[in-house]
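There are 6 protein chains.
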Amino acid sequence: MQIDRNFLYSVIASFLEEDIGRGDITTQSVVFDAVNGRGRFWAKQDMVVAGLEVAEAVFATLDPELEIEAFVYEGEPVKAGKELARIDGPAAVLLAGERVALNLLQRMAGVATLTRKYVDAVQGTKAHVVDTRKTIPGLRMLDKYAVLMGGGRNHRFGLDDGILIKDNHIALAGGIDVAVRRAREQAGHLHKIEVEVGNQEQLQEAIDAGADVILLDNMNPAQIAEAVKFVRDNERGRNILLEASGRITLENVAEYAHAGVDFISSGAITHSAPAVDISFKIARIA
Amino acid sequence: MQIDRNFLYSVIASFLEEDIGRGDITTQSVVFDAVNGRGRFWAKQDMVVAGLEVAEAVFATLDPELEIEAFVYEGEPVKAGKELARIDGPAAVLLAGERVALNLLQRMAGVATLTRKYVDAVQGTKAHVVDTRKTIPGLRMLDKYAVLMGGGRNHRFGLDDGILIKDNHIALAGGIDVAVRRAREQAGHLHKIEVEVGNQEQLQEAIDAGADVILLDNMNPAQIAEAVKFVRDNERGRNILLEASGRITLENVAEYAHAGVDFISSGAITHSAPAVDISFKIARIA
Amino acid sequence: MQIDRNFLYSVIASFLEEDIGRGDITTQSVVFDAVNGRGRFWAKQDMVVAGLEVAEAVFATLDPELEIEAFVYEGEPVKAGKELARIDGPAAVLLAGERVALNLLQRMAGVATLTRKYVDAVQGTKAHVVDTRKTIPGLRMLDKYAVLMGGGRNHRFGLDDGILIKDNHIALAGGIDVAVRRAREQAGHLHKIEVEVGNQEQLQEAIDAGADVILLDNMNPAQIAEAVKFVRDNERGRNILLEASGRITLENVAEYAHAGVDFISSGAITHSAPAVDISFKIARIA
Amino acid sequence: MQIDRNFLYSVIASFLEEDIGRGDITTQSVVFDAVNGRGRFWAKQDMVVAGLEVAEAVFATLDPELEIEAFVYEGEPVKAGKELARIDGPAAVLLAGERVALNLLQRMAGVATLTRKYVDAVQGTKAHVVDTRKTIPGLRMLDKYAVLMGGGRNHRFGLDDGILIKDNHIALAGGIDVAVRRAREQAGHLHKIEVEVGNQEQLQEAIDAGADVILLDNMNPAQIAEAVKFVRDNERGRNILLEASGRITLENVAEYAHAGVDFISSGAITHSAPAVDISFKIARIA
Amino acid sequence: MQIDRNFLYSVIASFLEEDIGRGDITTQSVVFDAVNGRGRFWAKQDMVVAGLEVAEAVFATLDPELEIEAFVYEGEPVKAGKELARIDGPAAVLLAGERVALNLLQRMAGVATLTRKYVDAVQGTKAHVVDTRKTIPGLRMLDKYAVLMGGGRNHRFGLDDGILIKDNHIALAGGIDVAVRRAREQAGHLHKIEVEVGNQEQLQEAIDAGADVILLDNMNPAQIAEAVKFVRDNERGRNILLEASGRITLENVAEYAHAGVDFISSGAITHSAPAVDISFKIARIA
Amino acid sequence: MQIDRNFLYSVIASFLEEDIGRGDITTQSVVFDAVNGRGRFWAKQDMVVAGLEVAEAVFATLDPELEIEAFVYEGEPVKAGKELARIDGPAAVLLAGERVALNLLQRMAGVATLTRKYVDAVQGTKAHVVDTRKTIPGLRMLDKYAVLMGGGRNHRFGLDDGILIKDNHIALAGGIDVAVRRAREQAGHLHKIEVEVGNQEQLQEAIDAGADVILLDNMNPAQIAEAVKFVRDNERGRNILLEASGRITLENVAEYAHAGVDFISSGAITHSAPAVDISFKIARIA
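As given, the protein sequences belong to chains Y, F, L, D, U and Z, one line each in that order. Under the numbering used here, think of the first position of the first sequence as 384, with each following residue one higher. Under the numbering used here, think of the first position of the second sequence as 384, with each following residue one higher. Under the numbering used here, think of the first position of the third sequence as 384, with each following residue one higher. Under the numbering used here, think of the first position of the fourth sequence as 384, with each following residue one higher. Under the numbering used here, think of the first position of the fifth sequence as 384, with each following residue one higher. Under the numbering used here, think of the first position of the sixth sequence as 384, with each following residue one higher.
Hints are supplied without guarantee of correctness; some may be wrong.
Remember, identical chains collapse to one label, so a pair may be satisfied in a single copy or spanning two.
Claimed, not checked - Mimicking EDC-like on lysine to aspartate or glutamate, the simulated pairs with C-alpha atoms at most 16 Å apart in a straight line are:
1) LYS465 to ASP616
2) LYS575 to ASP595
3) LYS664 to GLU466
4) LYS664 to ASP550
If you are wondering where the hints come from, they were derived from the structure by calculation, not from laboratory data.
Here chain Y stands alone, though its shape is the one from the complex:
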C-alpha cells in the first residue's frame, strides 16, 4: 500500500492550518529567521515504527526542500532510546511542523505497535489480524497503513468497496436469505458477499444463502470453534472464508485464532491505540 501523495499533502495542509492558524507567534517573535537547526526524533519507548514518510511530508509542506533522513524502516520494531530520524533546516520550520509531525507519528506508530502485539499473539495459526472501519474520522488511510506496518491486513476501506450484510441489514431486509439474494442480483460481479451471524441458526442460513464470507460476531472461542467445524463439515461451506469479531482482546486473541478462523477483526487496534512516546529535540546548527 502506498499512501496517495495528493491525498497526503492535502490533509497535511489542513492539519497544519489547524495547528498554526495565522502563524507561530512564539517562534516569529523569539527565534530569528536565519537560525538553522537539526531536529532529531527519539523513541522514548519500545515501538513499531510507522509514519516517518508522513512526518516528512509535514515538514516538506512547510518548506519543500526539507527531507527527513530516516534511520529505521517502516514497520521496524525498535527499542526505547533509538534515534528514528533527523532533519536539518530553518529552525522556524522545524518548530512550526513539530507538533503535527509528532501527533501523526505517535499515533501511527501507536497503531502499528498495538497491531503487532495482536499479530504476534496469533503467530503459528492461519488467522490474519484485520482492521475495521472503526478508525479516526479523517485518518482512515493513515490508520490502515499503520495496521499494515504492524503486520495486520486491511478489511473494507469504506461502505463502497465491499458487501458486508450485518445484523441491522438483516433485520431491515427481512432475513439472511433475502438479503443475500438481493445483493447477488444488484451488486457488481466482482464483489464477494459477507454475512454477519450471531448463532448457529443464522450460520446455517448464511451457508444456504451462498455467502462467500461469514462473520462470526460476539461469540466466545469455544462457540467459534464449533462454528468453524460446522461450516467445514458442510459441503457448501468448504470454500467459505470465516472471520471472527467482537469481545476480542489482546489477552484472548490467541484462543480465537486457534479456533480456526481465517480472519480476526479488531476495532481496538485503531480506535483505542494509545500514542507511543517520541521526542523531538532541536539543536542549533551553523
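Start from chain Y and add chains F, L, D, U and Z according to the hints.
Frame of chain Y, contents of chains F, L, D, U and Z only:
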C-alpha cells in the same frame, strides 16, 4: 464553547466521503429505499457523554430533516445500559451514517470520560486540568470540546493564539531572558508570555525576565511543590500563574495538584483516550 | 442506485459556474427580474428518459424553491413529441439553467437510449450488458446511473473497487499465475479476481490460477462460444463468471450474447453515445 | 488558445480521484513498485490529434517527472497505425493514469476529428464552422480547444462573455426591438449584440433594431440564401455578421456554407462526437 | 446586476473565517448564549447606500434565520444620522458578524458615494462614468456593483470578456494595425475591439485599423476635445465609441465630459475610495 | 511577520481567476506566445514600499520560473521616479499578471505609506501606532503586513486571538465588572483582558475589575491625558496598558500620543488608505 456550525458540517462531509465513498453498496442492494427505521444509541459502559450534537450533524448532513432526540445532556455521567439518544428516519440513511457517528461519539465520549477521571482526582485543590496541542490532527476542535465536557479547561488552540516559550525556543534564542524580551517587543499587547522551565535556575531566570505564566516541565511532585514555594516567596512571582506538565498520570495527578500549581496539562487525555463502547441498533418502523 | 446528493450539487455548481461565469449578461440586460416563466422539456425524438432529477438539481441550485414536475419516470421509453417535464419560476433562473440542464439531460438520456438498444438486442439470453470505465471524465456517476436507467448493469466504478488483471498487468507481472497469486495474497478478502485473456492458452492459465471471473477480450462470437464451452467443461470452471469485451457493436451484440457469456461490456454505450434531442421552451406566465 | 495550466491540473486531479479513488488495488497487489514501463499511444483509426498535452498532464499529476514524447502535433491528421506518443516511467503510474488519459484523448481527438470533417466540407466558402455551448459539462475548455484543433472557431465560452438574444429572450422581453434596445443600454460597451431570428419578419426587426450579428435559426439552405440576400441588400445590413444554426449535418453543411453566411454553428461537433479509438500498450523496460 | 448568490455566500464564509477564526472568545466568555439583541446600522456621514444585501448575507451565514430590515434602498443618497437597517437575533451572532458586515458595507457605500460625486459632476453631458479593473482583489464583483449603485457603469469584468489593446500590447505586437488585425481574426465574433491611443498619430492608426472603440489615454481636456473632433470628422469614425482615461480627478472630470467623449473611466472610484462611517449599536431585547 | 506561503499562493490563485477568468483574450489574439518582455515597476509618487513579494507571487503563480528582481527593500521610503523592480519572462505572462500585481502592490504600499505618516507624526513619544480589524475583507494578512512595513504594530488578527470587551459587550453582559469576571473564568490563561471605556466612571470600573489593558474610546486629547494620569496615580493601574482610539486623524495623532497612551489604534490606515501610483511598462526583449 460552541462548535462552529460551518466548520462542523464541513469536516463531517469529508468524514462521510471517507467512509461512504461512491455509495453504501450493501444497503443499496439489500434494503429497500422506502424502509424506515429507529436507531438507538446505548451506552455499553459507564461514561461521560460528549458529541451527541456532532452525531446528529452526521445524520443531518445525509438527510437535513433528521434530528436526534437526546435523553442525556452533554457532559452528563451515565451508567452502562443507558439509552443515550434515538433517531427516526430512512433506514438507508441511518445505516450510511452509523459508523461515522459512532466513531466520533465513541472518541469524544472517550476523551470526556478520561478527562473527568483526572478532574475528579484533583478535586479539592485549586488546580485545573487543561489539555494540550497533542490532539488528533483534524479533530482538535472536537477534542477540546470533549475536554470541556469532561470538566477540563483548554490551553492554546494553536500556535497563533498564545505565546509559550519552550525548551527548543530557549535553546535557539540563546536564553530565557532574550527570548522573553523579544516576545514582549514583538507580540501583540493582548498576549501573556508563558515560559517552560526544567529546573530552579531556569525558574529564577523566568521570574526575572518577567514571565506571566511558568510551565514546570518534567518535575516530580516534590520538585513542583518546591518550585511553587520558590515562586510565591518571590515578590515578582506573586501574580505568576503556574502550570505543571510531563510524567503526569491518573495515578499521580492528585499529588501534582496538591503541590500547588494552578494548571496541570495532560496530553494523554486527548492522544491516548480509548474509545468508549456505544452500540447503535436499528429497528424497522412503519 | 441513488445519485449522491452532496456529490450532485457539488458538480452542478461547478457546471453552472463554467457556463454562467460572472453572470448571464443577455438575460440581465434584456429580461426584467420580475418576469416569471414556465419552461417545458419536450422530447424531439424517441428516447429512454434519464437525468430529470439531475436537471431539477440544476435549477434548484440557482433557486432552491424551484422543482420540476416530471411527466415521465426515469428509465421510461418515450416517443418524440412527449412533454417530459415542466418547471415554473423566475424567467431569469430558467434561462440561466437551461443550457446546463439540457446538456446533462440530453447526454444522460443519450446514454440510456443507446444502452437500451443493446439490452433489447440481447433479450432472451442470460447475458447482462455492463458498462466500463470508458466514461466522460467527471461524469462517471451520471453515466453509470444512465446505464442502469437503460437496463444495463455497472462494472467497476473505479480502480479501487474491483480487481481486474488486464494484458498490461500480466505482461508487467510476468504471467497470469503469478499475478493472480499476488492478488489473492494482497487484496482484501471481499474482492473477487477477474483476469483478462485473449486466447485459449491464457484461458487455461486463468482457470488454473483460480480466477473468479474471466474477461474474454477481442474474440469473435465463435471464439467466445468455444471459450465458454471450454470453461464450463472444466471442473474448476463451473462457477467462474464469464465476460466478453472488444469488437462488440449493436449489430453483433446478440451473437455475443448467444455465445453464452454472463456479461457483455461495452465502452461505446458511454464514450460514444450521441446526445438525444430535447427542447426547452419558456413561456411568460403571470 | 492555451489551456490554462491551473485549470487543467485542477480538473485532472478530480478526474483521477474519480477513477482511482482510494488506490489502484489491482496494480498495487500485482505489479511490483520498482517495475518500469514504456507506454505507447497508437491510433487505431484515422483521426485528427487533440489532447496530447492533456494526456501528459494526467501522468504528470501522478508523477511530476513524467513527460510524454509526442510524435505528432496537435491538430495533425494521422492515419490508423500511427504511434502518437510514448511515455516512460514507473509501470504503476502508467497503469493508474492510463484510463483517464485515454478517456480524455479519445474524446478530444473525437471532437477534433468530427470538426475537421465539417471544416473540410465548407472549404472554398467564406463560412467558418463554430461551436456552441452544447459541450459536455465540466469539459467546455477542452471541447472548445479540440474544436480549434479541428479547424473550427469558438463561439461564446459562457453566458457572461457575449450577448445572444434568443427566441426565449424575445418572447419574455416582448419583442426584438425592446430586447436589443435594453441590451444596448445595459451591457458593457465592448459587446456586440447578436439576435436569433426564425423568419423574414424577425429578420427585418433585427436589422431595424441595430443588431450587430444575426443568427438565422432552423432554416433550410434556400431560406438562408434568401435571408443573406435580404440583409446584404439592406443598407443597414451591410456590416451585419450572419450565422446559421439548426438542422445542420455533415451531409448538408456545404449547402449552408454556399448560402453565404459568415458562420455555421453546430452542437453536434461537441455533444455527439464519438470517441476515436486509441490504444495504450505498456512494455516492461529496464 | 444581481450579485451571484453562490459567489456571495462563498466569499462571505471566507471573510468570516478570516475574522472569527476558531471563535469569538470575548463574546463566548462574556455574553450568555441566550441573550438576544437588536442591532442598528446608523449613517454617521452623508452617503450613497450600497451593500445592505451583502451585510445581510454576513449575518445569514452565521444564522440562516436572521434577516435585515432595511429602511433605505440600494443606491439611495442619505444624510448623516439616518438609520439604515435593523436586525434582531442572538446577541452572539450580531457580535460575531458586526465587523465583517461593517467592513463590507462601509467600503461598498464608500465606492458608491465617490462614484456618485463623479456622476453628478458630469451631469448634463452624454458621458458615462465607468469603472476599471483597478478594484480590490477578491472584491471585484462587489466593487462593480457599488459603482452601479453610485450611478456609474461597468467596463470589463476581467481579461476574458472584452478586447482592449493597450500600449504594452501595441509595443509587443509591433503596431496598432497588426494588433487589431490579429484580434479581428482570432477573437470571437461577438467582441468589439478597443484600442488605447496616446496621440494623434496613433488615433489615425486606430481609425484606419477599424477599431470599434478608442481609449484616449493621459490627454488633457483640450487634447481630448481635439481628438473627438478628429474622429467625428472622419467618415470611418462616426460610429466609433470614445473613452477617456488617465489624469482624471473629481475636480476636472466635468471638463473631460464636456470634451465630448462617450465614457470616462476612473480607477480612483474603486482603488482609492475612503470608507464611509457607519455605526452598529446593539441593545439587549427580551 | 512572514506572510504564510500557502495562504499567499491560495489567495493569489483566486485573485488571478477573478481577473483572468477563461483567459486573456486580448493578449492571446494579439501577442505571439514566443515574445519575451521585460516589465519594470516605477514609483510615480513618493511612497513606502510594501508588497513586492506578493507581486512576485502573482507572476510565479502564472509561471513558476519567473522571479522579480527588486531594487528596494520592503518598508523602504522611495521617491517618485524610482525603479522598484524588474521581471523578465514571456510577454503573455507579464500581461496576464500585471493588473493583479499592481492592484495588490498599489494597495499595500498605500497602507504602508499612510501608516508611516502616522508613525512619523508620533515620533518622540512612547506611543505605538496599531491597526484594527477594519481591514479589507480577504486581505487582512496583507493589510497587517503593510502596517508593519509602515512602522506600525498589529492589534488582534481576529476575534479568536485576543479578548477585547467593547461597549456592546458591556451593555449585553450587564456591566464591566461582570464581563471581566466572566472573561477571567472562561478564557484561556494566556490571554490578557482589554476593556473599552468611554468615561471616567467606566475607567474606574475597569481598573477595579482588574483589566490588563484599557481602551480609551472617542475621547479628545485632553480627556485622554486626564485618564492617563488617573490610571497611573492608581496603585492597581500602574501596569495597565493604555490604548486610544476614535476621532484620531493624521492631524491630531501627535496630540494623542503626547497625552501619554501606550498605543493609538487607527482604522483609517487600512480602511481608507488611497492606492499609491505605480506603473508597469513592458518592453520586448530577445
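Give the relationship of LYS664 and ASP550 under a CA distance limit of 16 Å: within one copy only, between copies only, both, or neither. between (50 Å within a copy, 9 Å between copies)
Status of ASP595 relative to LYS575 across identical chains (alpha carbons, at most 16 Å): Answer is both: 6 Å inside a copy and 10 Å across each meet the 16 Å cutoff.
16 Å Cα cut-off: does LYS664 pair with GLU466 within a copy, between copies, both or neither? within (11 Å within a copy, 46 Å between copies)
Same-copy or cross-copy closeness of LYS465 to ASP616 [CA-CA at most 16 Å]: The answer is neither: 51 Å in one copy and 42 Å across copies each exceed 16 Å.
The structure shown violates just one earlier hint, number 1.
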